[in-house]
Amino acid sequence: MKTILITGLLFSIGPVLLAQDFDFHTLDKLAAVAKSSTNVTLNGDMLKLAAGFLGSDNDKDAASLKSLVANLKGVYVRSFEFDKPGQYAESDVAALRAYLKQPKWTAIVEVKEDKEWTQVFVLPTANNTKLGGLAVVSTEPTSLTVVYIDGSIAPADLEKLSGNLGIPEIKGLDGKSGNQKGDNKADKKNGK
Amino acid sequence: MSWNTDDEMEKALRASLRRKAAPPDFAAKVLAKARQPESISGAKKSWLRPPFTLALAAALMAVAIIPAVVLDYQHREEAKGLKAKRDLLTALAITRDQLRHARDEVRRNTRNIQ
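The listed protein sequences derive, respectively, from chains A and B. Read in this note's numbering, the first sequence has 18 at position 18, and its numbers run on one by one without any break. Read in this note's numbering, the second sequence has 114 at position 114, and its numbers run on one by one without any break.
Since the hints were derived computationally from the structure, they do not count as laboratory data. Even glycine gets a Cβ: it sits at the ideal position worked out from N, Cα and C. It is possible that part of the hints are untrue.
Said to hold, decoys possible - With the Cβ distance kept under 8 Å, some of the chain B side facing chain A (calculated, not the full set): (1) Lys80; (2) Gly81; (3) His101; (4) Ala102; (5) Glu105; (6) Val106; (7) Asn109.
Stated by the list, open to error - With beta-carbon atoms standing in for the labels, derived distance ranges: (8) Lys73/A x Thr53/B: 51 to 59 Å; (9) Ala156/A x Ile65/B: 48 to 56 Å; (10) Ala89/A x Arg107/B: 24 to 32 Å; (11) Lys29/A x Arg103/B: 27 to 35 Å; (12) Lys115/A x Arg103/B: 18 to 26 Å; (13) Lys115/A x Arg107/B: 15 to 23 Å; (14) Ser56/A x Val63/B: 26 to 34 Å; (15) Pro67/B x Ala89/A: 53 to 61 Å; (16) Gln102/A x Ala79/B: 32 to 40 Å; (17) His75/B x Gln102/A: 41 to 49 Å; (18) Ile66/B x Lys73/A: 43 to 51 Å; (19) Ala156/A x Glu77/B: 31 to 39 Å; (20) Ile66/B x Pro155/A: 45 to 53 Å; (21) Ala62/B x Gly55/A: 34 to 42 Å.
Said to hold, decoys possible - Calculated pairs, DMTMM-like style, for lysine to aspartate or glutamate (alpha carbon to alpha carbon, straight line, at most 20 Å): (22) Lys160/A x Asp104/B; (23) Lys83/B x Asp45/A; (24) Lys115/A x Asp83/A.
Generate the whole structure from the sequences, applying the supplied hints.
Structure (structure tokens):
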């Protein structure tokens with residue numbers, strides 16, 4: 001049975017609220033039971049450092065990427081892939097879902113199908129020309145992915161971001177949620 | 001000096017061998033003279049004294065070590081920056097794939113509804 005909910009609009013009016021800390025601590029423990037995991041935490045300083053190296057390898061669209069990253073305050077990703085269903089509980093992401101239910105967030109996409117649930121949230125700003133942040137929560141029986149981008153993002157950047165924008169394909173990513181092989185802890189766990 | 005007779009020579013000898021008291025500042029002059037050569041050589045060799053040699057050694061070590069430390073710092077910063085870049089691209093790739101997936105699901109379900 002399919003339950004489909006598509007809610008929200010990208011440019012809805014919302015209160016001006018600064019992005020607060022997005023608590024990932026409830027998820028970090030899942031790395032211990034996950035087959036692979038990706039853990040990315042880049043705060044403002046690290047983003048500036050990373051942006052400084054964009055283009056160092058003749059990266060495609062380095063200028064576009066730099067302009068996208070220039071106004072960001074933080075990029076946080078937690079992605080886990082499990083061997084079998086039931087290795088994480090819905091309660092593990094309940095706190096995050098509750099956080100994103102706050103009025104300051106606007107859900108622009110919510111797709112719930114079978115045991116797959118994908119939600120995309122944006123943080124509108126007062127002038128509506130830019131977003132204050134983006135969050136994605138995607139759960140499947142054997143995978144879980146949470147993305148939180150803190151900072152100013154132009155809606156056009158979202159469109160660009162879902163294109164290629166010079167972001168290289170990562171081996172193991174198949175375009176579906178949570179199927180990426182981790183490059184941090186996953187590599188260690190896989191003995192790479 | 002010449003002497004006409006032996007007597008004159010004897011008198012001169014006696015006079016010269018007569019005991020005389022030393023001038024009052026003789027000892028001070030001798031001591032001053034004795035100190036003088038040492039102070040000159042000390043001045044010449046002052047850079048070899050321990051505080052100066054230690055400072056010189058420290059300076060030489062610093063000159064040798066600082067470039068290595070700077071290079072090491074630059075390598076560390078570069079490694080940190082490259083890792084940050086890789087992390088950023090990984091994060092953006094995951095975000096892109098999630099957005100694409102969400103977009104595809106919406107399109108597919110919208111088509112199904114129609």
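For each hint, the structure was consulted:
Because the smallest distance between the Cβ of Lys80/B and any Cβ of chain A comes to about 7 Å, under 8 Å, the interface hint for this residue holds. About 4 Å separates the beta-carbon of Gly81/B from the nearest beta-carbon of chain A, less than 8 Å, and the hint is met. Taking 8 Å as the C-beta contact cut-off toward chain A, the hint placing His101/B at the interface holds, the least distance being around 5 Å. Here the hint on Ala102/B is kept, as its CB sits about 5 Å from the closest CB of chain A, short of 8 Å.
A hinted interface residue such as Glu105/B counts as satisfied when its beta carbon comes closer than 8 Å to some beta carbon of chain A; here the least separation is about 4 Å, so the hint holds. Of the supplied interface hints, the one on Val106/B holds, with its beta-carbon coming within about 6 Å of a beta-carbon of chain A, less than 8 Å. For the restraint placing Asn109/B at the interface with chain A, the shortest Cβ-Cβ distance is roughly 5 Å, inside the 8 Å limit, so the hint holds. Our hint of 51 to 59 Å for Lys73/A and Thr53/B holds, since their Cβ atoms are close to 54 Å apart.
The hinted range of 48 to 56 Å is satisfied by Ala156/A and Ile65/B, whose Cβ atoms lie roughly 51 Å apart. A C-beta distance of roughly 31 Å is found between Ala89/A and Arg107/B, which places it inside the suggested range of 24 to 32 Å. Under the hint 27 to 35 Å, the C-beta atoms of Lys29/A and Arg103/B, about 31 Å apart, fit the expected range. The beta-carbon spacing between Lys115/A and Arg103/B, approximately 20 Å, falls within the hinted interval of 18 to 26 Å.
Range check, Lys115/A to Arg107/B: Cβ separation about 21 Å, and the 15 to 23 Å hint holds. The hinted window of 26 to 34 Å between Ser56/A and Val63/B holds, with their beta carbons roughly 31 Å apart. Separated by about 55 Å at the C-beta atoms, Pro67/B and Ala89/A satisfy the suggested range of 53 to 61 Å. For the pair Gln102/A and Ala79/B, the beta carbons lie near 38 Å from each other, so the given range of 32 to 40 Å is met.
In this structure, His75/B and Gln102/A meet the distance hint of 41 to 49 Å, their C-beta atoms being roughly 44 Å apart. The given range of 43 to 51 Å is broken by Ile66/B and Lys73/A, whose C-beta atoms sit roughly 36 Å from each other. Distance hint check for Ala156/A and Glu77/B: the Cβ-Cβ separation is about 33 Å, which falls inside the suggested range of 31 to 39 Å. Checked against the hint of 45 to 53 Å, the pair Ile66/B and Pro155/A passes, with Cβ atoms roughly 50 Å apart.
Roughly 36 Å separates the CB atoms of Ala62/B and Gly55/A, a value that falls within the hinted 34 to 42 Å. At most 20 Å may separate the alpha-carbon atoms for a hinted pair to count; Lys160/A and Asp104/B meet this at roughly 15 Å. A threshold of 20 Å between alpha carbons decides the hint, and for Lys83/B with Asp45/A the separation of about 13 Å falls inside it, so the pair holds. Taking the CA atoms of Lys115/A and Asp83/A, the gap is about 16 Å. The hint holds against a cut of 20 Å.
Hint 18 alone, counting from the list given before, is not met by this structure.
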